[in-house]
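Q: Below are the chains, spelled out letter by letter.
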Amino acid sequence: MTESDFEPKIVGFLCNWCSYRAADLAGTARMKYEPNVRIIRVMCSGRVDPTFVLKALSLGADGVMLAGCHPGECHYIEQNYKTIRRFKMLKHTLRALGIEEERVRLQWASAGEGALLASAINEMVDQVRKLGPLHWSGNWMDDEGAQEAIQALPSEHAEAMEVPA
Amino acid sequence: MTEKVGVYICHCGTNIAGPVDVAEVARWAKENLKGVALARDYRFMCSSLGQEIIQEDIKNEGLTRVVVAACSPHLHEKTFRSACSKMGLNPYLTQMASIREQVSWVTEDRAAATEKAKMMVAGAVRRVQLQVELQPTEVPVNPNTLVVGGGIAGIQASLELADAGYHVFMVEREPSIGGHMAQFDKTFPTLDCAACILTPKMSDVGLHENIELLSYAEVESVSGYVGSFDVRVRKKARYIIEDACTGCGICIEKCPKKVVDEVFEVGLGYRKAVYRPFPQAVPKFPVIDKETCIYFERGTCKACEKFCPTEAIDFEQTDSYVDLNVGNIIMATGYDLFDCTKIPQYGYGRLANVFTNLEFERLCNAAGPTEGRIVLRDGVTEPKSIGIIHCVGSRDKNYHPYCSAVCCMSALKFGHLAMEKTGAEVYSFYIDMRPLHKNYEEFYDRLLQEGMHFIRGRVAEVTDAARLPGEEGKIIIQAEDTLIGKQRRIPVDMVVLLGALQPRFDAKETGLKFGVSAGLDGWFTERHPKLDPVATMTDGVFIAGTCQGPKDIPDSVTQGAAAAARVQGMIAKGTVLIEPIVASIEEARCSGCRICNNLCPFNAIEYLEDKEVSYINAALCKGCGTCVAACPAQAISGAHFTNDQIFAEMEGLLYDVIGSNGATAKSPQPVLEPA
Amino acid sequence: MARSEDYAPDGFLNEVIEATPGGDTLVTCLQCGTCGGSCPSGADMDDTPRRLFAMINAGMREEVLRSNTPWYCVTCYYCMTRCPKQIPITDLMYTLKRMAVREKLYDDRDAPDWSSSFVGFVESYGRSFEFGLATRYHLTHSPLRKVGVGPMALEMIAKDRMSLRPDKIKGVDQLRAILDTAKSLEGV
Amino acid sequence: MRYGYYPGCSLTNAARPYEISTRAIAGELGLAFDEVEDWNCCGATEYMSLNKTAAYALIGRNLALAAQSGMRELVAPCSACYLNLRKTDHYMKKYKPLGKVTNQALAAGGLHYEPGSLVVRHLLDVIVKDVGYDAISAKVTRPLTGLRVAPYYGCLIVRPDFNGGSSEDTEYPTHLDHLMEALGAEVVDFPLKTHCCGGHMTQISADTAYELIRRLLQNAAEYQADLLVTLCPMCQLNLDAYQSQVNRHFGTDFNLPILYFTQMIGLAMGLEPKELAIGQEIVSAASALRKIGTVEEIEETAQARRKRDDKSLPMPRIREG
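Protein chains in written order, with our numbering: chain D, 1 to 165; chain P, 1 to 675; chain S, 1 to 188; chain C, 1 to 321.
FYI, nobody ran anything at the bench for these hints, they're computed from the structure. Zero decoy hints are in this set.
These stretches of chain C come out as covered by chain P in the derived footprint (C-beta under 8 Å, 3 or more residues):
#1 168 to 180
#2 184 to 193
#3 215 to 224
#4 311 to 318
Remember, it's a predicted structure, so these values are computed and weren't measured experimentally. We put the beta carbon where it would ideally sit given N, CA and C, even for glycine.
Working from the sequences, and respecting the hints, build out all of it.
A: Rendered as structure tokens:
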């Protein structure tokens, strides 16, 4: 597939209270944006387990967007701070797997920021379009680096979580 | 398991049917998606006719799952859930795909829109088949209510509830209720005196059989959940035996120690070491201020004790604790005034005759330190000219970006009072005049007629450095008169700074204590800014008054009443349904690592020492799912948002890359599938 | 003088924003006048900064660039630190000066000439040269004003506070190379 | 304590007394300065008016040279230089394109500057924070007792406070005040302490500049200051050298000596006026300095008890910091 006609498939995890409402608002305001992002609603960005992201990529998504309330504005008080920590951890894992960091994006969007979310989606789609399709290194099982990264995942993940908010 | 899924594609008139080929989506779903028993498209699914179609199919076709592709679930999820439950289908066995907000309204190209719609339907179809029946749990509601804060909002809420026959516990931090309103002189735009309208309500609270007032007290801790909160209140030692005290005030009279009153008189006046903030205080009992009392300092004096006719003084008194159980909580914790010394160019604290809005209220107030005479810091001289500065710390990215909402009107009020009492020339320096409630604009017009001067320009600096003749000995206000486009210097005798309203210094901790979140600016966050302004994310906890954002007295009263009405609704119903979307721990899998324990801001997770596993109190859980994602052993699952359900939705959304069997060409089957 | 219907908004505004670090905040101006009120030389300005910003918004290019306002900026940064919208006003003034110079749109020559004489010495010696400035600039500009400035200069020399010879750095060539590249990069 | 040192053009000319007095007290205070090799002008307030990129590159060269020679902290006694150096470092970091193009220009001279690799500080900040008031007052042998001093900061040392680097308020700084107190001087609460001295307006529109200078002189006079202490060459030049012009222009008779804070420190530490280049100011400080040493009665500052008939209202408390 050549870059020109490549249309990335991106999975978006949006929190129910801010970002999903931002998507609603973008719609109500008829803001046009790229159709490439397909949205999954979660109650809080804190629900997004980094393995979701890896799973999405392994299933053939070319990128994943996480969106939640701005830090300090979480409807569950402070859970999105945990998202920040997880996201750092996730990027680290992706590096280990040799996946371009630009394929994942953490976006804050409050319920009023439909325009922001729409432009963030467009940005990301362009970015991933440039990167081209995600070529999984065949079967990860053969790739040692990948293996280690995956094995390390839960424990690193736990560490990331143990840091008090 | 084989489910029979019914798929319904809504046209929403042309809203969806225009940009999306709805018939094609329906056809495609029927032909390609596993488990789809039937797929229809209809003009308005939310209409009663649309709902009936679904209900008929459940009856005749024996559907076990329903997917509606229409607008955002935030609009009609409830509608379709109840439509299904009427036919005996558990409401949690339905799923919506938001193909209007997320597809038809935001996508240019029809083909692309139709394609995206298909994928979203596929996601919903996959997901819904893994959804399980859920039952909301029903808990009783304790009819007693806790009101935190005895300002006008808290007072209003308490009286509404008490008059309706419900018991209220009111906790107030200060020795008396009344809040900021008790410090004010007149109230805009009607100019009726604050005390005249407030004190009757205060004494109503004090005397009301249904209100238990805990003044000079603070909430220590809150646990439990809607319907049944356990609250621990700390009553600070008053060193006065309330049951014995008659409030005669002899102790105050005899106390030899006079100190500056930093709270009620905002540093402008004096009080005794044993004091009552103001004469009409409720409750009437005074307080001995340990910090300044001579006896506590030197071990001698006890003048108050000697003269007290009812032996109500008790220097041995200590803080005491009261444990309450309430069904609902109303927070009306109010605001703090901006610290005007943070803007040195306005001279507050350096130039004697620069005052704050609250100080000016006390100067105007007949019960204030000057018996209502508006005078300079020397306490005798009447100002011949007064400058009022708006937006001090408001509408300023360096301090508070928001508008404090009340300043424009207090400026007008101050202008009127000052001209009436002193005949001084009054200048208001404003950015924008915002008199935006009933009869406010009329009040503005009145002040224009009364000859108050209005200069449109944010003040640059207030200085005593005379530059031109006539400035000597005056305070000079320098600003650009933006309507003329020239710099002006106005020499005045007195300056009043309209300091911003800002969140209480301890708002954040308070919020955490009650499970209420605050925005970046520190004000408490309501559940919905327009449609649910007094509820919070924590069921059973409501907010009223300025703790939610700057507002004036009418608005605070409105919110107090609104919160009370919400609580009455809860009480009248008697029970409350708790959303089943909560997390639960599978003991067998829990390694007892306790990582999840401190992740929960609602303290829903506790560690069971005996079993060495963690346990989630469903009633406390708000269902955010953070612990679910954090559990290294995958022992926690979040109802209605299980890993399997989310993975399934993901597979559906990626149907075009995966194909129907759920396997992807790109990678071996699920690498990180939970064991 | 352009007529109102000739004003083309946006174009000019964006130019100004582009040429100023952090200039994008300009669009948030409240027109509150804190800048104009704070400006030490505000009294001598054709337009207060606030008014200038409104004119920029209205696309009044020529009027803005002819205004003496930027040239009366003493770079005290009061406007910038007091601005409730944190607009980098002082930097905007620099931008307007540069535009005015490039488009030769200034009525009073003094300020631009002073700047260019100063810069001239810096570019040839790597250091400023006060005596050179005093002579070159003042001899060409309204000698009247130098009533007393002459004696003052002499006193400075007498007090050993003004050297008659310029101070030249070793790396003048290196410096010129840098400055020339900079200019070409900025497209001037 | 060793620091990189950027004197700037003024200190080699009009502000020589500043340079001389700084050198004179440095040793005593345990400060050692390594001058940046072959530094160039910072462009003052002029270069930016003609070319943006070139202006930042001009300053960038100095930063690059300093960093190259292994300096970590760069001290500038001149407020304009201090601001320009600090601003360039900050903007190169904050506005990436600006940093990029500036380094492209520097590359033409074989130089590169990584923003953030230097900490730019003003001499006053170093003396107040690194040496400290106590250490200084400990060295005072000739207290400035009885000398009424107006501390004058001017603009560019306090404004703008890029990335909140300085602990000083942009409107009401106090370091110089406390420093003068540490030297035993009587410090007046100078309302115009951060107002403008006229800057380059003396060259462009004298009338404008004279008015700004007059304001400062008049206010200092109203506060009966014996002299005005400054920390910026431009301020010193305008207030000192143009004072007679201002008098001529307004028919006033101000006679206010303007000295650098480094000269005051030197005096208090017992150095001879000559060692501190005192005498090179245009408005002679001689008469004012005669006061030094003479012990004045210390005012009875004990808080008098509040009289019964005293109606005055208490002043608000200003919380420190």
